Amino acid sequence: MLVNRKLILAHFWFAFAVFGVALTLGAWQMFIRSPIGTWLSNPELYYRSLTAHGTVMGYVFPTLVAMGLGYAISESALEQRLVGVRWAWAGFWLIVGGSIMAVIPIALGRASVLYTFYPPLIGNLFYYLGVVLVVVGSWIWVALMSINLRIWRKAHPGAPVPLAMFANVAGSYLWAWTAVGAALELLLQIIPVAAGLKATIDAGLARVFFSWTLHAIVYFWLMPTYIAYYTIVPRAIGGRVYSDNMARIAFILFLVVAMPIGMHHTFADPQVGAGFKFVHSAFTALVTLPTFLTVFTICASIEIAARLRGGRGMFGWIRVLPWDNPMMLALAFSFVMLGFGGAGGLINMSYQLDASIHNTQWITGHFHLIFGGAIVIMYFAIAYDLWPHLTGRELNDLRLIRTQLWLWFIGMIVTTFPWHWVGILGMPRRMAYFDFGDPAIAPQALSVTFSAIGGFILLASGILFLVILARGMRAPQAEAGAYRFAAAVHQSATVPVALNTHALWVALMIALTITNYGYPILTLATTEGTSVPAVYVGAQ
Amino acid sequence: MSARDIFTFRNPHFTRGVGITAAILIVTAIVGFIVLPFAQPWVQFANVWDAICSAAGVPQRVAGVAAPEQSKRLSEVVLTSHTLSRPSQEAIGRGATLAQRCAICHGPTGLSRADSPNLAGQYAAVIYKELHDFRSGARTNAVMSPFAVNLTDQEIADLSDYYAYLPRLPAYHPTPQLPKPNIVIYGAPMRGIAPCGSCHGSLDNKTGSPWLEGQSEAYLKAQLQAFAAGERRNDISQQMRNIARAMTPEEIEQAAAYYASQPPDIVKAVD
Ligand code: HEM
Ligand SMILES: [Cu+2]
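Line order of the protein sequences matches chains A and B. Each residue of the first sequence is one higher than the last, beginning at 1 in our numbering. Each residue of the second sequence is one higher than the last, beginning at 1001 in our numbering.
So that you can see chain A by itself, here it is in the shape it has in the complex (with noise of 0.2 Å):
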C-alpha cells in the first residue's frame, strides 16, 4: 500500500541527483590526482570537490535512501497510510535547505573542511549550519517512523511488527543516537567558533565526538543493504528467509554494537587512553557477529530458492540460481565486496595493524569497496525493485541494469584493489597532488593508473543508473501490483516480546555508549590549557 508515491520518489530523486554530481567529483579527484591527470595548481580546488564528494556521499545521499526506503517500508509493510506526512515533506525540505547551504560556502572555498571537519580548521558558518539541517530533517524521519510504528502496534496487539519495519526503525534510531556525537561537535565546539564567539577549539575533544558519530554512521549506511538483503532479495528471486528470528537478532546485535566502538577511529590520537582503545576494539571484534550471522542466513534463503528450482548437489544449487535477475546478480556482487572489505576492516580494527596503514590510501580503498561497493550497489537494487510501485511504470529493461550492475562492480574493483594496494606500500589518503617521478613513488604510478580508469568505469554506470530510472518515469503504465517483503520459512504468529520490541536494546546501547565514551569525554571537556587556535579556511 504506497499511498505517499510522491514522498519517496523525492527523496530517491533528490539522493540520486546529488549522487550524480558527487560521483562526477570523485572521479574527477582520481583523475586530476593521477599520473593521467595534469595538475591545475591549486590545491585548493582539490579540497573543495573532496569537500562536497564526502559532504555529499556520507551525510545526504545515505542518509535520503534510508529516509525514503523507510517511508515506502512503513506504508506496505505495516498496510498502513504514513501518518505525518506534512512533517515528512517538512524534514525533506531541511534537507535539500541544509544541502544547498552547505554547498555554496564549498563552492566558494570558504569550507574545505572536508566531511569529517578536522578541528582545528574552521570554515564558513553556513556549512555547518548545512550539515545541522540536514540531519535534524532526518530526525523527523526517525520520530515519524517510531510513532508510525507504535499506531501500527495499538492496532495489532502483541502481533509480530514485520521484519522490515522492525529493522528500519531500529536503523532510525542507531542514526538518532550516533549522530548526537557529531551534533554535539557542532552544536558545542564547531559553531560558537564559526560564529566568532570564540576564537580556540579543543580538537583532541572534537575528534573523540565526531569518533562517535563515524563509526555507527556506517552501520546506518548499511541499514538498507542489509533490509534488502533480508527482506526484499529472497522474495524477488523466489526464495524465503531463512529465520525471521536470526534476521532480528542480526538487526538487535548492530543497534548494540555499532556504538561503543568508534574509537578504533582513534588509535593514532594521544588525548585517549590506551585501555579505551582496546576496549573499543574488541567491541569492534563483535560485528563480525551479526554479519557472519547475516552471510549465512542469506546463504540458506537463496539456497531454498535454489532447491525449490529444482537445484540440488552440495553446490549444485548455485547454477540453478536466477542469474538473469538484477536481484540476485546485485546481492552477488556486494556479498563479494562484503567480503573483501570485511576481510579488510579486520585489519583497520586491530590496534597494531591500523598502525600501517592508518591515513594511507588503504582507508579510502577500504571505505570505497564496503560503501561505495557492497551498500551502494544494494541502494541501486532498492531503487530497481520500488521503482514500478513507485512510477506505476513497467522497468523491464533488465538487460540494461545488469550491465549497469556489473559495471558498478567491474569499476569498484578496478577501483579500490589498486587503491588498497598503494595505500599498504604508504601512499598517504587526502593529498591533493603526488609527484610520481619522485622515486619514493614512481612505482605507484601504474597503480593510480588503474584506480582513475576504474573511477570512470563507476562514472558511466552511475549515469546509465540515472538513464534507467529517468526512463522509467516514462515508460508505459503498468500495475505492479501491491509491494510485498520475502516471508520466512516458519512464519510464527508470534515473536519474543524482546524481539518485537526495540527498548531493551536502546537501552544497552546507550548504556554501552556511556561506559566506552563517558569517562574519556568526561576528562578531555574538563582538562584545562586543551584548546588550540581555530585555523580559518580562506580567511585572513
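Since the hints were derived computationally from the structure, they do not count as laboratory data. You may find that some hints are simply not true.
Covered stretches of chain A (chain B as the covering partner; in silico rule of three or more C-beta atoms under 8 Å from a C-beta of chain B) [unchecked claim]:
| id | stretch |
| --- | --- |
| 1 | 162–176 |
| 2 | 268–276 |
| 3 | 432–442 |
| 4 | 530–537 |
Reference listing, derived: stretches of chain A covered by chain B, where coverage requires no fewer than 3 residues with Cβ under 8 Å from a Cβ of chain B [what the hints assert, rightly or not]:
| id | stretch |
| --- | --- |
| 5 | 41–49 |
| 6 | 81–91 |
Source: prediction; values computed, not measured. We put the beta carbon where it would ideally sit given N, CA and C, even for glycine.
Given chain A, put chain B with the ligands in place with the hints provided.
For chain B with the ligands alone, kept in the frame of chain A given last:
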C-alpha cells in the same frame, strides 16, 4: 508488553542480553586496563590503580623528568585569525608617525631599497608577530633587533596596522617575472612540503605566514637558509623549519629567485 515485562530478570532475554554484554565489558576492561598495561615490560607501575589510570588516560605529570632546558628563546606570540583584524584610523595614524624611524631601512613607502624586507601591505598579524619576536629575542638580527627592543605592545600594534594599510608596491629593482618552479607549485608531498602558496597567500593564507612576492632574493634565501640551519627558530611549531630543512639548496635558490621576481600585487587578495 509494557516496559515492566521487558526490564525484569524474569525476562530471559533481558537477563541474557544484559548479562552477556556486561560480561564482555568486564572481561575486555580487565584485559585493557590491567592485563595489557602490565604486559608491557618497558613500563613500570606502582600498583594496579596506577595501571588503570594510565590505561584510562588520566592526565598526569610524568614524574622525575624535568622539562628540557630551553637554551634559545622561542616565540611566545599567540596569533588567531582575528589578531588586529579591525584596525582603527587612529591606530594607523599613530603607526605612520612611529614608522618614520623605520624608513631608513624599510623605505618611506614601506618599500625597501636595500635587502631589508618590504613591509608595505604585509599582513598585520605577520608584522605584529615578527616585532614581538624581535623584541623578545626569539628572532634576532644585529641590524633590526635594536629597533624593536623598546617598542611597547601598543606601538607594535599600531605599526602593524599602519604597514598592513599601505598599498603593495612593485619591487624597487624589478626583474623579469620567472616561471614557477616545481617546489613552489607542488611543494614536495613525499617530503612533507605543502605548496608554498597554501600558507603564504597566493592560494590561501595561514595566519602568521607572510606573503613573499617582491622581497629581495638575498633576504629570502638568507631566511630559508637560517630556518634550515636552525638559526632562525621563531616559527611556531617549526612550521617553516620543517619545510626549509627538507628543501635542497637548489630548491631554496629557485624559490627565492621566483618570489623575488614577482610583483606583490599578484598575491591573491584573500582578505
Ligand atoms: C566514481 C566513483 C568514485 C571515485 C572515483 C571516488 C573518488 C574519491 C576520492 C579520490 C576521494 C579522496 C580520497 C582522499 O584523497 O583521501 C574520495 C573520498 C570519499 N568518497 Fe569517493 N569516489 C567515488 C565514489 C564514491 C561513492 C559511491 C561513495 C559513497 C557513497 C563515496 C564516498 C566517499 C567519501 C565518504 C569520501 C571521503 C571524503 C573525505 O576524505 O573527506 N565515493 N572519493
Ligand atoms: Cu569505524
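The hints, checked one at a time:
1. 162–176: Answer violated; 0 residues pass the 8 Å Cβ test.
2. 268–276: This one holds; 6 residues, not fewer than the three required, reach chain B with a Cβ under 8 Å.
3. 432–442: The restraint on the stretch 432–442 of chain A holds, since 6 of its residues have a Cβ under 8 Å from chain B and three suffice.
4. 530–537: Since 5 is at least three, the answer is holds.
5. 41–49: holds (count 4)
6. 81–91: The restraint on the stretch 81–91 of chain A is violated, since only 0 of its residues have a Cβ under 8 Å from chain B and three are required.
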